[in-house]
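Undergrad: Counting with the working numbering, you get residues 10 to 142 for the letters of the sequence shown.
It cannot be assumed that every hint is accurate.
What the hints assert, rightly or not - With a straight-line cut-off of 25 Å between C-alpha atoms, the simulated BS3-like cross-links for lysine-lysine are:
| # | residue 1 | residue 2 |
| --- | --- | --- |
| 1 | LYS12 | LYS141 |
| 2 | LYS23 | LYS80 |
| 3 | LYS111 | LYS23 |
| 4 | LYS141 | LYS23 |
| 5 | LYS12 | LYS23 |
None of these hints come from the bench; they were simulated from the model.
This one's a predicted model, so the numbers in the text were calculated from it and none came from an experiment.
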Amino acid sequence: MSKFVPLAKDQHAKLRVIQSGDYTRFRQQNLIPIVVRDFFTLSAEFPLVFVTNENTEDFMPVAIMGLQEGKNIYCQEEPFPAQVIPVGFGNAPFAITATDEKREQFAVLIDEESSLLSNNAGERVFTDDGEKT
């Protein structure tokens with residue numbers, strides 16, 4: 010389960026991110042949100058559609074990676090069988106969200122439940138001075 014919270018240097022000062030090509034963490038997500046940059050490359054491998062965001066009622070583009078809700082047929086085991094990978098897969102454990110209704114201000118979120126986070130291994134999120142890496 011994911012637990013996204015705003016990234017904060019006081020709360021996440023010692024946090025590290027482990028780089029991984031293991032996409033099995035998406036195995037229960039049959040609709041993968043995508044960005045415009047993904048359209049051309051992903052359309053060769055996956056059906057792309059627009060769905061309504063339940064929270065905002067805005068349309069958002071997704072790649073269909075499974076017809077059964079909660080089952081991504083591409084991410085059941087390693088290695089990832091497709092030739093192209095959605096940009097969002099590489100963003101984990103981070104996400105970006107709008108912080109105002111006009112969608113002019115944004116915040117970086119981090120999934121505190123992600124297996125890609127560590128206090129010992131991986132690349133630091135903040136320097137000793139509290140600057141973003």
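Undergrad: Now look at each hint and say whether the structure bears it out.
TA: Here is how each hint holds up against the structure:
no. : hint             : result
1   : LYS12 <-> LYS141 : 21 Å, holds
2   : LYS23 <-> LYS80  : 34 Å, violated
3   : LYS111 <-> LYS23 : 33 Å, violated
4   : LYS141 <-> LYS23 : 12 Å, holds
5   : LYS12 <-> LYS23  : 18 Å, holds
This entry does not satisfy hints 2 and 3, going by the numbered hints stated previously.
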